[in-house]
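2 protein chains.
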Amino acid sequence: MLDKVIRVDMAGLTVKEEQLAEAYQRLSGRSLSSRIVFDEIPPYAEPLGPHNKLIVTCGLFAGSMVSSSGRLSIGAKSPLTGGIKESNAGGISAHKMGRLDIRAIVVEGIREDDKWFMLVINKDKAYLEEAGYLINKGTYEKAQLLYNKYGKKIGLALVGPAGEKRLLTAGITNNDPDGAPSRYNGRGGLGAVMGSKHLLAIVLDDAGCRVKGPVRKEEFKEKVKEFHQNLLSTPQTAEIFPKYGTAAMLNVTNSLGALPTRNFSTGRFQGAENINAERLYETIKSRGGEGSTTHSCMPGCIIRCSNVYPDRDGKTLVSPLEYETICLLGSNLDIDDLDAVAKMNYLCNDYGVDTIEVGCAIGVAMEGGVIPFGDGKEAHELMEEVVADTHLGRIIASGSVITGKVFGVRRVPSVKGQGMPGYEPRGLKGTAVTYATSPMGADHTAGNTPRANVKHHLKEGQVAVSRNAQLGVTLVDALGLCMMVGPGLPDRAILADLINARFGWNLTLEDLEKICRDTLNLEKEFNSKAGFTKAHDRLPEHFYEEENPATGTVFDLYEEDLSELVY
Amino acid sequence: MLDKVIRVDMAGLTVKEEQLAEAYQRLSGRSLSSRIVFDEIPPYAEPLGPHNKLIVTCGLFAGSMVSSSGRLSIGAKSPLTGGIKESNAGGISAHKMGRLDIRAIVVEGIREDDKWFMLVINKDKAYLEEAGYLINKGTYEKAQLLYNKYGKKIGLALVGPAGEKRLLTAGITNNDPDGAPSRYNGRGGLGAVMGSKHLLAIVLDDAGCRVKGPVRKEEFKEKVKEFHQNLLSTPQTAEIFPKYGTAAMLNVTNSLGALPTRNFSTGRFQGAENINAERLYETIKSRGGEGSTTHSCMPGCIIRCSNVYPDRDGKTLVSPLEYETICLLGSNLDIDDLDAVAKMNYLCNDYGVDTIEVGCAIGVAMEGGVIPFGDGKEAHELMEEVVADTHLGRIIASGSVITGKVFGVRRVPSVKGQGMPGYEPRGLKGTAVTYATSPMGADHTAGNTPRANVKHHLKEGQVAVSRNAQLGVTLVDALGLCMMVGPGLPDRAILADLINARFGWNLTLEDLEKICRDTLNLEKEFNSKAGFTKAHDRLPEHFYEEENPATGTVFDLYEEDLSELVY
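Just so you know, the protein sequences line up as chains A and B, in that order. Be aware that the first sequence starts at 1, since it is given in the numbering used here, and climbs by one per residue. Be aware that the second sequence starts at 1, since it is given in the numbering used here, and climbs by one per residue.
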């Protein structure tokens, strides 16, 4: 089951089907993408050059009806960080991959001519097709053109104009069950890697596929039921996430003093109540129309933390509107207007860029005096410059670090070249330890700690808390699960039970945990070979020296503290 | 003699005079600037932040009449490379420092307000003076305003608008004996460091200074005479450099296939005869007027490799017009027009940017399709965008690596973030080894090998040749000597003799060579602590894989070869 690998060479325009290597049998999602990156990509490879590869993987439950199990992991050497990258997304593509019985798609080579392609995979074959007509079209239009051609039920992973232009904020986006291509493998500039290969889209057409049943059918059914019951009986996964979605985090971080505000200069936002989960919920509710406070981004997800955010007339402005975007394009820019955030979010989605990195870059540009903080209109115009591909737009679309360098700004909230997501590091030191030490660069999905039982402003215990979070999230990433299941997992041994029932194996939770440690250590080793040292495992200087006014604290975990973090 | 250190704190606006530390007594120029960088700047310091320092040093012969001994070394942590940087320049400032009996100026702290200063040093005191009226003025106008205020005989080290804006290509420029502020500490973005400190100029007023005589007067006089006679009896230093200047290199590199052409895509330029030394010489000669084929950039230099390049009416277009600029703004852009190069050179000088880095960046922009190769008019307009500080101009003024990232270009000729100078690495592999291994990043002044007795297209012997060149140039850099003296030094022991006679010491050449090895090793160690590894000691990928069409060779010295290079 799930033992096919599709290998595509964009230079030679060949597509091969291979058998998954024996050594990779237990790997999926991040554990598989990172392993293939480690095994196949030279650490010195130029990220936009011929030796980088794009590795697309699904998890071991892909294609099944296990809730929240359809994350699509994409790996490569990141053009943004220069290190290894895994970025995963919701949507329906991983589910389709599972139904097509494919564990990984490996895309090799680059093209420097003017020919562009898409990779089409159906039950009979996998092939490349010329796709020049999709060039320079937004992701929503691209998706529509592909639905017209292949039907509405296909899974899609595609890039927008940003990826075609190899911009460092470019992501890869996947469609949701309603056809909206807005589920982003956002971080690390993976869209630029796909663009360098002149691959515009992967079309996953599972029509006629018959998915193999689980090896131990009854056991699997029972374990799925238990897993779902856990999700349905846990307050976060059963009530808070479905009602408020990821935005539920905003009151938590704001009260902690960890809500990034005005280019991460403080952690508490005066306008928080205008952009928090309650306001989001009420706005959607009161506007009605196409709006929805709850929504599944993948087939069969029972958490349904997503939403559809409508305008005053009830017409969809964007779906979803998530916590990270609300922070980075909201509080981080001193903008307390959900409509303004939603409109910028849509532009990001359509152009194909990561809202976190772009939000960080705009914050840095504001610090550099390019436009003022707090001006939603000017921020929107700046986003329009990104979409119009002006030179200023290109700077922003090259991410926070480049924006800082171009405008001579020294306070750039980034680690290893990647902008920070929605957690102010001096106000939430466990997540900050993750920012500093994760092979991924600043990334909340690499190990977030706001719910850890620790005093978030103090240094004590943060290394252990971050390590646990990093290992924990690697476990869900390695199985293609959404990290939102976390609170609904009283005993993670059920994950081994589910795998064993589906595949007829006898893995233990310890086996899975070993896979996670191995994955993190491989990632670290890749980075080490690519030129990363402990000098890169730290936050920007100003976070150690300037207090977060909301907490009165600086970041105070130093090299000697952080070096204790081993996986 | 030369035992004062001026220490300036730009945050507290204090200026102190200190005694040179005992441990630094034998150090000057690069050996002193790099030592102070190593001892005083934390390797993790944000280059534009409060912990970086600007270290200005002269050489042990500064203030004397030893020919070609007035190079000014400036050190810091580079905002361009993130590593240690020493960049030295001609002009009169080091000579003035010598006459003021100052070995080093250490500038600490930054300012983030709107106050700008200059540091004035005369025989009685050193002090900061408000200099807001100089803001946003070109270097030529700034210099004129300072001459108006302090007289025409002052030495100057100053930044242009580029430094004020903290742009990564910003240099620091020094005036020549004719008052032109066009002698650049160009590389590594040191002007941005000076700009971050809100220090616009250092004014060195030596009026009334009486220079201490050499300790062993007769011996010194005799050794100076011998040194000068060597220079005057060596063909390069006596004839070729005075007549043709640095441009004499162009025929050498072009015939080797090592003249950077069209963004380093090849090493031979069809239009070479329109920009070579003979054409330069004849153009200056035939135009007459203010033009001059030979010119001293420092008082008392008998090599006089500089020039004054006039327009058709005999009016100065720029002085000097040097080999590196002719390459990077000429052949590298496929432009075979000296007037076009000279005009861009002037714009660079006035705005305060490094012609090498800007030339590299424009080459990369041409590769990215921003403007076509070979179009002098468009290249000039692009330079005008730099000066006008448009967003496109800012991208170019942020250097080759950022230009490459913003425009999605993978063939960026740089090492450690710094663009390559006028030597194509596959055509001149010794210099390429220097590019790869020097702590300075891609830099011909760190160890150039076109005159080494080796087959430049083959890998054999290049590590030894580069090592010798790196040690050799460190010796002249460590003494404030110009590297153009190299051919006129049949026995380098004379350098120890000169020092001993001036200072009354008993150093041997071996002592000096140990200082050079120590300097290079300290620089490497600083970089290592700052996060550099062997992964950074290499050329961009494409130089290993794509042939230089002029030589049919790729760069083929790998990690195992380069790791043999120890100082």
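A couple of the hints might just be wrong.
To be verified - No more than 25 Å apart at the CA atoms, straight line, and that leaves these computed lysine-lysine pairs for PhoX-like:
1) B:K529 with A:K524
2) A:K16 with A:K115
3) B:K152 with B:K125
4) B:K315 with B:K377
5) B:K4 with B:K212
6) B:K534 with A:K524
7) A:K217 with A:K125
8) B:K524 with A:K529
9) B:K217 with B:K125
10) A:K225 with A:K212
11) A:K137 with A:K4
12) B:K243 with B:K225
13) B:K315 with B:K153
14) B:K217 with B:K123
15) B:K4 with B:K217
16) A:K534 with B:K125
17) A:K4 with A:K225
18) A:K524 with A:K459
19) A:K529 with B:K529
20) B:K534 with A:K529
21) B:K529 with A:K534
22) B:K243 with B:K152
23) B:K524 with A:K524
24) A:K534 with B:K217
25) B:K212 with B:K123
26) B:K125 with B:K149
27) A:K137 with A:K115
To be verified - Covered stretches of chain B (in silico footprint by chain A; criterion: 3 or more residues with CB under 8 Å from a CB of chain A, positions within the stretch not fixed):
28) 43-49
29) 359-368
30) 395-409
Bear in mind the hints are in silico, worked out from the structure with no lab data behind them. The C-beta atom is built at its ideal place from N, Cα and C for all residues, glycine as well.
So, going through the hints one by one against the coordinates:
1. Simply put, K529 of chain B and K524 of chain A have alpha-carbon atoms about 18 Å apart, close enough for the 25 Å limit, and the pair holds.
2. Restraint check for K16 of chain A and K115 of chain A: satisfied, since their Cα atoms lie roughly 20 Å apart, inside the 25 Å limit.
3. Under the criterion of a C-alpha separation no larger than 25 Å, the hint pairing K152 of chain B with K125 of chain B is consistent with the structure, at around 19 Å.
4. Our distance criterion of 25 Å between C-alpha atoms is met by K315 of chain B and K377 of chain B, whose separation comes to about 21 Å.
5. Annotation: proposed proximity of K4 of chain B to K212 of chain B holds, straight-line Cα distance about 13 Å (limit 25 Å).
6. Only pairs whose Cα atoms come within 25 Å are accepted, and K534 of chain B paired with K524 of chain A is accepted, the gap being roughly 16 Å.
7. Straight-line distance between C-alpha atoms of K217 of chain A and K125 of chain A comes to about 29 Å, which puts the hinted pair past the 25 Å bound.
8. For the hint pairing K524 of chain B with K529 of chain A, the CA-to-CA distance comes to about 18 Å; that is within 25 Å, so the pair holds.
9. Of the supplied pair hints, the one linking K217 of chain B and K125 of chain B is violated, its CA atoms being roughly 29 Å apart against a limit of 25 Å.
10. A distance of roughly 19 Å separates the Cα atoms of K225 of chain A and K212 of chain A; the hinted pair therefore holds under the 25 Å criterion.
11. For the hint linking K137 of chain A to K4 of chain A, the alpha-carbon distance of about 32 Å lies beyond 25 Å, and the restraint is violated.
12. Restraint check: the Cα-Cα separation between K243 of chain B and K225 of chain B comes to about 22 Å, which is no more than 25 Å; the hinted pair holds.
13. Only pairs whose Cα atoms come within 25 Å are accepted, and K315 of chain B paired with K153 of chain B is accepted, the gap being roughly 23 Å.
14. With a C-alpha separation of about 24 Å, the suggested pair K217 of chain B and K123 of chain B falls inside the 25 Å cut-off, and the hint holds.
15. For the hint pairing K4 of chain B with K217 of chain B, the CA-to-CA distance comes to about 22 Å; that is within 25 Å, so the pair holds.
16. Between the alpha carbons of K534 of chain A and K125 of chain B the distance comes to roughly 44 Å, so the proposed pair goes past 25 Å and is violated.
17. Annotation: proposed proximity of K4 of chain A to K225 of chain A is violated, straight-line Cα distance about 28 Å (limit 25 Å).
18. Distance hint between K524 of chain A and K459 of chain A is fulfilled; the C-alpha atoms sit about 24 Å from each other, no more than 25 Å.
19. As the CA atoms of K529 of chain A and K529 of chain B are separated by approximately 16 Å, the hinted pair is consistent with the 25 Å bound.
20. Among the hinted pairs, K534 of chain B with K529 of chain A is consistent with the structure: their alpha-carbon atoms are about 9 Å apart, no more than 25 Å.
21. Only pairs whose Cα atoms come within 25 Å are accepted, and K529 of chain B paired with K534 of chain A is accepted, the gap being roughly 9 Å.
22. Between K243 of chain B and K152 of chain B the alpha-carbon distance is near 28 Å, which puts this suggested pair outside the 25 Å criterion.
23. For the suggested pair K524 of chain B and K524 of chain A, the alpha carbons sit about 24 Å apart, so the restraint of at most 25 Å is met.
24. In summary, the hint linking K534 of chain A to K217 of chain B is not supported, as the alpha carbons are separated by about 53 Å, beyond the 25 Å threshold.
25. The suggested pairing of K212 of chain B with K123 of chain B holds, with an alpha-carbon distance near 13 Å, which does not exceed 25 Å.
26. At most 25 Å may separate the alpha-carbon atoms for a hinted pair to count; K125 of chain B and K149 of chain B meet this at roughly 17 Å.
27. Between K137 of chain A and K115 of chain A, the direct Cα distance comes to roughly 15 Å. Compliance with the 25 Å bound is thereby established for this hinted pair.
28. Three residues within the 8 Å Cβ limit are the bar, and the stretch 43-49 of chain B against chain A gives 6, so the coverage statement holds.
29. Here the stretch 359-368 of chain B counts 0 residues with a CB under 8 Å from a CB of chain A, which misses the bar of 3, and the coverage is violated.
30. Judged by the Cβ-Cβ criterion of 8 Å, the stretch 395-409 of chain B is covered by chain A as claimed, because 7 of its residues qualify and three suffice.
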